[in-house]
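Sequences listed follow chains A, B, C and D, in order.
At position 203 of the first sequence the residue is numbered 203 (the UniProt record's numbering), and the sequence of numbers has no breaks.
At position 319 of the second sequence the residue is numbered 319 (the UniProt record's numbering), and the sequence of numbers has no breaks.
At position 261 of the third sequence the residue is numbered 261 (the UniProt record's numbering), and the sequence of numbers has no breaks.
At position 184 of the fourth sequence the residue is numbered 184 (the UniProt record's numbering), and the sequence of numbers has no breaks.
Be aware that a few hints might be false.
35 Å max Cα-Cα, derived DSBU-like pairs, lysine-lysine [unchecked claim]:
hint	chain 1	residue 1	chain 2	residue 2
1	C	K219	A	K193
2	C	K325	C	K265
3	C	K325	A	K197
4	C	K219	D	K194
5	B	K250	D	K194
Honestly, the hints are just simulated from the structure, not real lab data.
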Amino acid sequence: MRQITMAEAINEALREEMRKDPNIFILGEEIGLRGGAFTCTKGLMEEFPGRVLDTPISESAIAGAAYGAALTGTKAVAEFMFSDFSFIAMDQIINSAAKSRYMFGGQATIPVVFRMSSGSGRQQAAQHSQSLEVLYAHIPGLKVIMPSTPYDAKGLLKAAINDYNPVVFLEPRVLYFKKGEVPEQEYTIPIGKGDIKRSGEDVTVVATGVMVERSLAVAEKLAREGISVEVIDPRTIRPLDTELIVASVKKTGRLIVVHEAPRTYGMAGEIIALVMEQAFDYLNAPPQRVAGHDVPIPYNRNLERLAIPLEEDIEAVVRKSLK
Amino acid sequence: MRQITMAEAINEALREEMRKDPNIFILGEEIGLRGGAFTCTKGLMEEFPGRVLDTPISESAIAGAAYGAALTGTKAVAEFMFSDFSFIAMDQIINSAAKSRYMFGGQATIPVVFRMSSGSGRQQAAQHSQSLEVLYAHIPGLKVIMPSTPYDAKGLLKAAINDYNPVVFLEPRVLYFKKGEVPEQEYTIPIGKGDIKRSGEDVTVVATGVMVERSLAVAEKLAREGISVEVIDPRTIRPLDTELIVASVKKTGRLIVVHEAPRTYGMAGEIIALVMEQAFDYLNAPPQRVAGHDVPIPYNRNLERLAIPLEEDIEAVVRKSLK
Amino acid sequence: MDVTTSLSKEQLTKMYYDMWIIRNFEENLLDLYQKNLAYGGMHVSVGEEAIAVGACANLKREDTIVTSHRGHGHCIAKGADLKGMMAELLARKNGLCKGKGGSQHIVDMSVGVLGAQGIVGAGCGIAVGSALSFKIRGQKNVCVNFFGDGAANTGSFHESLNMAALYSLPVVFICENNGYAVSTSFARSTKIDKISVRAGSYGMPGVTIDGNNIFEVYKTVGEAVERARQGDGPTLIEAVTYRWYGHYVGDPCTYRPPGELERWKEKDPILFLEKYLLANKLCCQEEIDGLKAAAGKAIAEALDYALASPEPEPADLFTDVYFEK
Amino acid sequence: MDVTTSLSKEQLTKMYYDMWIIRNFEENLLDLYQKNLAYGGMHVSVGEEAIAVGACANLKREDTIVTSHRGHGHCIAKGADLKGMMAELLARKNGLCKGKGGSQHIVDMSVGVLGAQGIVGAGCGIAVGSALSFKIRGQKNVCVNFFGDGAANTGSFHESLNMAALYSLPVVFICENNGYAVSTSFARSTKIDKISVRAGSYGMPGVTIDGNNIFEVYKTVGEAVERARQGDGPTLIEAVTYRWYGHYVGDPCTYRPPGELERWKEKDPILFLEKYLLANKLCCQEEIDGLKAAAGKAIAEALDYALASPEPEPADLFTDVYFEK
Ligand SMILES: Cc1ncc(C[n+]2csc(CCOP(=O)(O)OP(=O)(O)O)c2C)c(N)n1
Ligand SMILES: Cc1ncc(C[n+]2csc(CCOP(=O)(O)OP(=O)(O)O)c2C)c(N)n1
Ligand SMILES: [Mg+2]
Ligand SMILES: [Mg+2]
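Turn these sequences into a full structure, and let the hints steer you where they fit.
Okay, structure coming up:
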């Protein structure tokens with residue numbers, strides 16, 4: 001099958017949906033003339049005049065305007081260059097977009113996607129490297145997506161654009177230029193459905209974003225020793241595909257959750273609590289977390305590398321859980 | 001002992017510290033002339049001219065200025081009337097205050113406290129009722145405190161003001177005007193130390209904020225039936241007093257975490273994951289969560305009441321865990 | 001005030017009636033709040049009615065408004081369902097928000113009321129979004145954004161007005177300068193005298209007007225709306241006014257200098273129009289009394305409706321969190 | 001330019017030298033970046049040196065600055081340790097931030113450099129805080145805040161300038177208008193021609209100057225600093241300039257109209273001062289060459305120092321998250 005990058009996949013998703021629906025527009029810093037800091041919106045301004053807006057450096061107006069447009073029936077996709085900048089827009093995303101359907105007693109639908117690049121790995125230091133999925137996923141009214149492959153990115157973004165709820169779409173920055181298989185034919189991926197990236201029998205590893213490929217590499221390696229690791233990518237952080245995860249843990253009896261965000265109050269806690277509630281008696285070992293350290297992301301590349309889980313960290317915990 | 005309200009306790013904490021240290025100032029909306037929307041800063045502007053600043057409605061400048069003052073050695077206490085408004089200041093709180101000691105390689109100390117009223121219960125609807133502790137507690141570099149009594153509020157706020165790290169101080173709004181014992185003599189409470197609000201043998205209930213008194217009421221009721229409930233208030237959400245919680249669970253074999261914030265990705269997940277990691281073999285029953293429902297807070301008072309855990313909800317789960 | 005001549009008697013009496021509706025509605029609320037039938041955060045605009053009515057008289061049904069925490073008047077002037085509003089304030093199931101939103105989140109999408117806002121300043125961005133919607137869809141409509149003097153100090157105001165001007169969006173920003181943000185007087189929140197000068201920071205026209213003179217409001221907003229509709233971009237209008245009842249229901253208003261309220265009461269916008277109608281013999285006293293009575297009746301009916309409406313059921317807690325197909 | 005007469009030869013040659021230090025430092029960085037010895041987000045200010053040097057020449061050691069992502073020049077001009085800066089950019093343990101901060105977080109508290117900022121606009125609030133500190137402690141010091149034209153469209157700019165004016169704080173806001181925010185030209189980010197008009201929104205003086213004329217910068221900032229020091233409040237200064245090397249290291253600059261860079265290179269601020277020094281016989285060519293060479297040598301030494309500095313150790317990942325007594 002054809003191989004394209006995640007940035008290209010995102011570009012295709014936007015292009016295809018904008019072609020179908022003149023009622024979709026996108027806005028953000030550097031997305032038009034320049035085609036996006038990470039090329040995700042390349043060529044769209046030319047193809048869709050008037051529907052691709054380069055904005056001033058005004059994150060709160062970007063989010064407010066995207067929400068206001070969505071509220072009035074125009075589907076909006078807002079881009080934040082780095083998810084770290086979305087703090088400036090959090091009032092609009094959380095106080096306005098997430099809550100208004102409820103506050104308005106169902107009078108509103110809010111078809112808005114807040115796209116943002118996420119995570120560390122480019123030596124940009126603490127203000128350009130955060131993984132903020134939990135801050136959004138904790139909020140009722142939001143959906144939160146984090147794809148790990150070009151295929152998932154494309155299918156999920158198309159679903160997000162056509163969802164009538166506000167969606168926070170976190171794109172792992174270091175994956176933008178990695179290639180993966182993406183069919184030419186159109187497809188979407190339902191929001192809220194996880195994916196078994198590799199099936200296995202001995203232990204369930206739930207991983208997101210960059211941690212998916214690392215977990216797969218570990219699974220591959222351990223397979224050679226006869227250890228069978230199931231790797232699940234929930235893809236959607238909220239709503240979470242609890243069913244898929246619980247079924248897997250019931251099968252393997254072991255759970256390890258891997259994420260890049262700092263450990264404390266990270267998403268692993270939720271997944272472990274859910275599994276405890278629904279599959280306590282199936283567990284043969286304590287559930288484990290492999291997560292980012294509780295530190296801001298440092299500039300130095302060696303330190304930065306150590307700040308988030310490495311394959312060897314994942315491997316060690318998998319081995320430990322099997323003891 | 002003398003009984004005062006939490007608002008009075010907070011007022012005393014501010015007053016006492018400001019008297020001792022001319023290098024402390026406070027700023028926020030309505031805190032001066034009016035003495036605070038909830039009276040916490042009453043009388044301070046008169047007593048400390050020039051050190052109590054009424055600000056425009058400019059939450060991001062409030063937080064930026066508080067951080068900048070702290071960075072340059074002046075201890076700052078910023079008030080946000082409702083924690084919901086702190087979203088507008090999150091960039092300053094998280095990207096600046098939380099990270100700068102690290103980003104600056106230890107060159108900075110940041111003695112700033114971000115006080116904010118928290119939670120539901122006053123029919124203010126979805127934009128004035130959130131419990132956002134996890135959003136802050138997930139961030140390395142921040143300390144997060146949520147007192148449940150006037151005594152704890154005073155002792156912890158005094159500790160927070162004198163801590164050289166940024167502290168988010170969440171004050172449960174519906175507790176402002178409830179009285180509790182507070183000695184006349186000076187005291188502080190160390191940040192990071194939880195408190196056993198009632199000791200017991202059969203089950204550990206970890207609760208925060210408003211949920212502490214509800215849990216205590218349940219414990220009281222069940223005691224009459226011979227069920228012995230230990231109620232722990234961590235008081236500090238980050239750093240968490242893991243030791244205290246784990247020791248309790250090792251004793252009781254049962255864990256229930258109760259919080260007002262919505263369940264999904266709430267603080268209970270973290271506590272359960274920690275206990276799984278450190279006391280898996282001691283558990284006689286699956287750990288349970290009693291948490292706010294995954295909905296924005298509604299205006300109607302009956303619905304609002306149902307949105308967060310009631311005593312009967314806590315009681316039911318305690319009973320279930322003992323089966 | 002040559003604008004007056006362009007207004008028909010019908011229009012004028014409708015304006016007069018609408019202002020009474022707003023005042024009756026809100027004065028009833030004060031009472032309901034006392035009785036604990038309405039609750040939560042509630043801010044009334046009594047004394048400021050000319051702005052809501054004068055501005056909205058320029059709007060079509062498909063035009064939109066975004067308002068603030070002090071939004072009852074704007075919603076009513078734009079045509080929001082009175083009964084649904086009253087039921088909402090009483091937190092009833094038949095309320096516009098099913099009892100889930102309350103005063104600070106009143107909405108009526110069917111008449112372009114995009115919602116009150118609990119977050120000061122947030123409305124400016126939303127108005128930009130509504131105007132963007134019109135522009136992208138090629139609709140010749142306009143969004144009017146009402147907010148206070150306090151809101152003009154928020155970052156959202158700045159970013160939104162700059163963006164609106166940059167894209168020449170069809171939006172009219174109306175800043176109701178009532179002299180206070182809660183207890184903080186205008187002079188204690190900024191060093192400038194007039195908020196309208198801020199228009200210069202964005203390259204849009206800005207003007208300060210007497211917000212208690214409904215003719216001035218009608219005319220100024222009318223011109224701005226027309227300009228916006230023609231694609232010539234946004235305007236910032238500062239309408240100077242005063243809120244009689246303090247910031248929130250129950251505000252002791254200790255921050256007001258003595259005599260201030262009394263002086264402003266002499267500038268009652270309703271009385272202003274009433275005098276005009278009588279002096280110009282557009283209405284006789286009987287007609288005036290009839291209009292007042294009719295407004296009172298409409299509010300009484302809305303209240304009856306609201307009181308008869310059931311409370312939401314527990315299951316309603318869980319609906320409307322997400323849109324589901 | 002009567003200011004020139006008030007500057008001693010020593011001051012002038014120091015300014016000249018400092019500008020060369022900045023340029024050498026940053027041109028070296030471009031090279032180090034190519035070699036992958038420096039990395040991450042890195043923004044150089046070549047072409048804008050007169051603003052940093054002209055402004056900071058008015059400051060005392062105890063005065064402070066807050067800068068942006070394009071902050072190397074400001075830090076150097078305020079006296080930040082060159083070796084520590086270079087080591088930081090090379091992510092070394094002896095760097096000012098121990099290798100944890102990098103270009104966007106350079107700091108040197110010992111000389112009042114309160115930090116570069118990775119978040120556009122964030123610096124304005126921090127500067128207000130530093131100025132508040134001075135005021136509360138009764139220190140007669142001043143904070144200077146450097147930021148770009150793009151930053152002037154952020155909410156933080158608006159809220160901070162309003163607050164600074166309201167409290168009459170000792171802060172000078174210097175907006176370096178280099179015509180672009182990344183690839184977005186000034187004209188595509190706002191409808192106004194001059195950012196300095198925004199001062200009127202806060203009741204503070206505002207002025208636009210030629211940022212490549214170090215005398216004009218020195219004089220204008222000097223007056224603003226003096227006013228601030230005397231307790232007369234903040235000023236907004238827009239210094240028009242140009243960045244030669246694009247937004248980030250590696251920027252292809254396709255957004256620039258042809259000839260634009262060349263025209264600006266003719267306005268090289270260093271050459272401007274050099275010509276002045278020569279024309280007025282304050283320096284001979286030999287002295288000029290000597291100053292250039294000395295600057296080159298200082299940078300080479302800083303680089304040697306940085307290259308000799310070790311990388312941080314893995315354990316350093318965990319330090320400095322919290323202050324511990
Ligand atoms: C962001 C934010 N900060 C603070 C508040 C609390 N608050 C509610 S209304 C208000 C004053 C608003 O003043 P103004 O904008 O002048 O409107 P007015 O009440 O005078 O109509 C404040 C501070 C809020 N709701 N939102
Ligand atoms: C809040 C925020 N939004 C976006 C960015 C990405 N970004 C970094 S620099 C920059 C442009 C800044 O332009 P300007 O303020 O004019 O400064 P200049 O780079 O021209 O010196 C942008 C958009 C950021 N760092 N922070
Ligand atoms: Mg006001
Ligand atoms: Mg610029």
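Taking the hints in turn, this is what the structure says about them:
| no. | hint | in the structure |
| --- | --- | --- |
| 1 | C:K219 - A:K193 | 55 Å, violated |
| 2 | C:K325 - C:K265 | 52 Å, violated |
| 3 | C:K325 - A:K197 | 28 Å, holds |
| 4 | C:K219 - D:K194 | 31 Å, holds |
| 5 | B:K250 - D:K194 | 67 Å, violated |
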